[in-house]
Structure formats: structure tokens, C-alpha cells
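Visitor: Go ahead and model the full structure; you've got the sequences and the hints to work with.
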Amino acid sequence: MSEPGHISRAGTRFGPYQLQRLLGKGGMGEVYEAYDTVKDRTVAVKLLPESLAKNLDYQERFRRESRAAARLQEPHVIPIHDWGEIDGVLYIDMRLVPGEDLRAVLRRETLLSPARAVGIIGQIAAALDAAHADHLVHRDVKPENILLTANDFAYLVDFGIANNETDPSLTKVGTAIGSYAYMAPERFDSGGVTKRADIYSLACVLHECLTGAPPYPTTSVSVLIMSHVNAPPSRPGTHQAGITPGLDAVVVRGLAKNPADRFESAGDFARAAQQALIGTGPDGVYIPAPPTVPNAPVFGERNQPPQQMPPGGPRNVPPPLPPPPNWQQPNGQPYAPPTKSSGSRIAVGALLVVLLVLGVTFGWIYLTRSDDGSTNARDGVTTSESPGESTNPTPTTAEQVSLPSGAQPCDQLYPETSAYTTSAKGTLITSCPFAEEVRVAYAGSGPPGESRPVVAISPVTQQAYTMDCTASGPLVTCTGGDNAVVYVY
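FYI, the numbering for the sequence shown is 86 to 574, going by the numbering used here.
Rather than coming from a laboratory, the hints here were simulated on the basis of the structure. Incorrect hints may appear among the rest.
[As the list claims (entries may be wrong)] Simulated restraints, written as ranges between beta carbons of each label pair: (1) Ser490 / Arg156: 40 to 48 Å; (2) Gln325 / Ser536: 39 to 47 Å; (3) Pro183 / Ala326: 30 to 38 Å; (4) Gly277 / Ser536: 18 to 26 Å; (5) Ser305 / Ser557: 48 to 56 Å; (6) Arg193 / Asn140: 15 to 23 Å; (7) His324 / Leu107: 33 to 41 Å; (8) Leu488 / Pro302: 20 to 28 Å; (9) Pro533 / Asp496: 39 to 47 Å; (10) Ser557 / Gly173: 32 to 40 Å.
[Claimed, not checked] Here are the simulated EDC-like pairs of lysine to aspartate or glutamate, each with C-alpha atoms no more than 16 Å apart in a straight line: (11) Lys342 / Asp237; (12) Lys110 / Glu185; (13) Lys110 / Asp172; (14) Lys110 / Asp186; (15) Lys139 / Asp172; (16) Lys139 / Glu170; (17) Lys124 / Asp167.
Model, not experiment: these values are computed from the prediction. A virtual CB, placed ideally from N, CA and C, is assigned to each residue, including glycine.
Guide: Below, the structure is given as C-alpha cells:
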């Protein structure tokens with residue numbers, strides 16, 4: 086029997102599988118597109134190299150990939166159909182995903198837009214959170230192990246070197262498995278490896294998506310290892326224009342040398358990156374807007390030390406308000422104590438004049454009001470309006486958008502985007518926090534008024550969902566996920 090690493094087995098029979106074409110190969114074997122003659126379906130079959138099939142440690146890793154992935158009921162982990170051994174070769178039968186890996190995309194496009202990169206990372210974070218909840222550390226998060234469909238639905242693959250946090254016997258001292266460019270500093274010593282090693286690797290992948298290169302691009306393995314251990318974290322914004330300071334800060338925290346300084350979970354990392362697309366706080370660290378819904382959670386980084394504020398403490402800058410008609414706003418600080426008695430008299434006089442003008446104005450409106458509540462100009466009274474101009478021009482606001490019956494507007498949990506300020510949920514199963522996530526994802530993924538799919542993480546289920554968004558005038562309708570309906574306007 087030929088070694089899978091040397092000669093392609095495409096066109097041959099492997100048990101019940103007709104191997105049709107080679108899809109890829111790596112350290113854990115080869116993957117073929119295959120036809121299952123028993124179940125009458127096309128699948129992906131992964132074969133372990135024969136030269137390693139007798140290696141007990143290697144077999145354990147292979148079987149562990151099967152068991153781990155089969156246990157994970159998460160949309161962004163490829164489902165496992167079957168696994169076993171045929172003719173001395175271990176195999177895994179899994180779903181065939183049409184698409185390509187992230188490495189192929191980066192080879193073709195070099196880098197991705199921040200919105201697209203963060204959307205992909207959010208989906209992989211959901212897969213990692215599911216694995217980590219089962220005490221599994223992937224240990225090989227890299228572009229080659231991220232598969233993308235045509236609509237950018239992402240899958241995390243290759244759990245063959247996954248490590249169970251509760252079973253230290255599976256990690257050998259001095260054994261470094263994975264790609265050096267994405268390995269956390271603690272991977273290079275004999276210390277324990279936790280889920281935060283995957284978060285570091287995910288931050289490396291996001292860095293490469295944003296800039297076209299991993300954090301420490303070098304062809305020297307020794308230099309690469311020393312960089313992971315000692316070099317300052319790389320800021321994507323120093324390599325590529327258009328990356329906000331907030332997103333820079335998120336990546337830098339994900340690349341922290343000390344695992345305890347990284348995010349608590351992959352989902353926290355992904356949410357912070359998503360939020361950083363739309364706003365930054367002091368020192369470029371995003372501060373989420375306080376919720377306006379009673380008991381609504383604030384989505385952002387958890388268990389962080391207090392942030393450094395500029396001198397004088399935090400400053401809230403309210404949006405500018407339109408000036409009132411027919412009179413000028415007074416200069417100076419409102420309610421400032423007078424420094425001279427003459428200033429006090431002037432202020433009182435000015436206030437009396439304003440009150441007098443208001444009294445005359447409202448009195449005149451009352452006297453000239455018609456029976457239907459409108460006002461009519463009398464002889465001797467002129468207005469500044471042009472003929473045919475409306476006396477009450479209606480501004481274009483979110484309140485003017487006509488929502489479908491049953492839609493419930495949501496309070497704003499995140500800052501306004503340039504084109505979309507409000508969201509609404511269209512079904513009872515849809516939550517307002519998820520609606521706000523969809524609003525931010527749509528606004529940050531392309532031009533306004535365009536129909537396109539977006540990926541948003543649900544703060545309720547902690548999973549990423551693909552939503553198909555259709556634009557119709559000022560209203561965007563997004564459907565998908567678990568029967569979710571979201572309106573963005």
C-alpha cells in the first residue's frame with residue numbers, strides 16, 4: 086500500500102469509499118473527496134499515514150480528533166460521520182464542505198477588510214468556545230485549518246492535536262506541535278497549555294487577515310520563537326492603514342505574553358474586536374455604551390484592570406443640539422456664577438428679554454390659532470418661509486421608517502454607525518442584543534443600502550449566525566440563524 090504522503094490515492098478504493106480527488110495534505114495525513122458507496126453520499130475522508138499508524142501517540146491524537154469533533158455540536162465545527170481503521174489505515178469520515186481554506190484566500194487577496202476579518206474570527210471563536218467548554222484546546226489554530234464557503238461561513242477543522250486540559254499525559258515535554266507562526270509563548274516551554282493559547286493563535290490569525298502577515302514574519306525558526314517569547318506584541322495599525330486604535334488594542338491584548346493578560350474566552354476576544362470596529366475610548370481601548378434596557382448586559386472585555394483615563398477623568402461629549410429659533414444662545418458656561426454685580430444685572434435683563442419674547446410669541450400663536458389647531462398669518466405679520474414651503478418640515482429620522490407589523494424597536498446598546506442608528510426584532514425568539522449585533526455587523530461590512538450576508542454573534546447563545554440582509558430603501562431586513570428576524574434602519 087502506498088504512503089499517502091508520497092502518492093495520491095485518488096481514483097482508488099478504500100473500504101466502502103471511492104477516493105475521487107486529493108483535497109489537501111498535512112502533518113496529520115491526507116484528505117480526499119470520496120464517494121461513500123454504502124450511504125450513497127459524497128464526503129471528505131481523512132487518512133493517517135501508514136508509517137505513523139503504528140505509533141501509539143500518533144494514533145491517540147488521531148482518535149482524539151474524531152471523538153472531540155464528534156462531541157462538539159457547534160455549527161462552525163465540521164460534523165464527523167464515522168471513524169475507524171481499514172487495512173491498517175486510520176480514517177475519519179466527515180462532511181464535505183465546498184469552499185477553500187483561509188490560507189488560499191490570503192494568498193489570493195493578501196489581506197481582508199477589517200469587517201470581513203472580524204466576521205470570520207467571530208465564527209472561529211464560537212467553535213473554540215464550544216471546544217473549550219469541553220476542556221479541549223485545539224493547539225493548531227491557523228489559516229490552513231479555517232475553511233470558508235462562498236458566503237464566508239467559517240469552519241474550524243483538524244482537532245487531531247487537540248489537548249484535553251485535564252489529561253497532562255497527552256502533552257510531552259519538548260514536543261511542539263503546530264505552526265510556529267501562530268504558537269503562544271507558553272507553548273515553547275514545559276508549562277501547561279490552556280485555552281488562552283488558542284486565543285493567542287486566533288489573535289495571530291486576525292493580525293494576518295488585517296495586514297497580510299503574521300505578527301512576527303521571519304524565515305528563522307529561532308528568531309520566530311524568541312519573538313513570540315520576548316518581542317513586544319505587533320500592532321496591525323503600524324503595518325496597514327485604516328485599522329482603528331481600538332482594534333489595534335484588541336489584537337495586542339490577544340497577543341499578550343502572559344496568558345492571564347489575554348481575554349477570558351475566544352468569544353470575548355471576538356466581541357471586543359467587533360465592538361472596536363465602531364468606536365474607541367481612551368488610549369484606543371473601546372468602551373461599550375451603557376445599555377438603555379433595564380438589566381441589559383454590557384458586552385465587552387471582562388476581568389480587566391481599570392483603564393487609564395486622561396487627566397481630569399473621563400469626558401462625556403454629547404452630540405451637538407440644534408439652536409432654538411429666533412434668538413441667540415448666550416455665550417459662556419451655563420449657570421456660571423457672576424463675577425461682578427453689573428454682569429448679574431445684565432444676565433437678568435437678558436433673561437427678562439428672552440422671557441418677554443417667548444411670552445409674546447406663544448401668545449400670538451394662541452390668538453392666531455384656527456379651530457383645527459393650525460396657525461394663520463394675520464395682516465402685518467410676515468414669515469421667512471418661501472411660498473409653498475412647509476411650516477413644519479419633517480426631518481428624516483428612524484421614527485419615520487415603517488416597520489412591519491409585530492416588529493419591536495430595540496434600545497441602542499452600541500454607538501450609532503454612520504448610516505444605521507436603530508434596530509428592531511421581528512420575532513419573539515429574536516433578542517434585542519442580537520439585533521444590535523446584526524446592526525453593527527451590517528453597518529461595518531459594506532456600503533449602506535446593499536443586500537449582503539453578514540455574520541453576527543448572539544450574546545444570548547454565544548454562537549455566530551449568518552444573516553441574509555436585504556435592503557429596501559432605508560430599511561434593511563436580515564433573516565437567518567434560529568428563525569431570527571432583524572430590522573436595521
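Visitor: Run the structure past the numbered hints and jot down the numbers of the failing ones, going up.
Guide: Going through the list in order, the structure violates hints 2, 4, 6, 8, 9, 10, 11 and 13 and respects the others.
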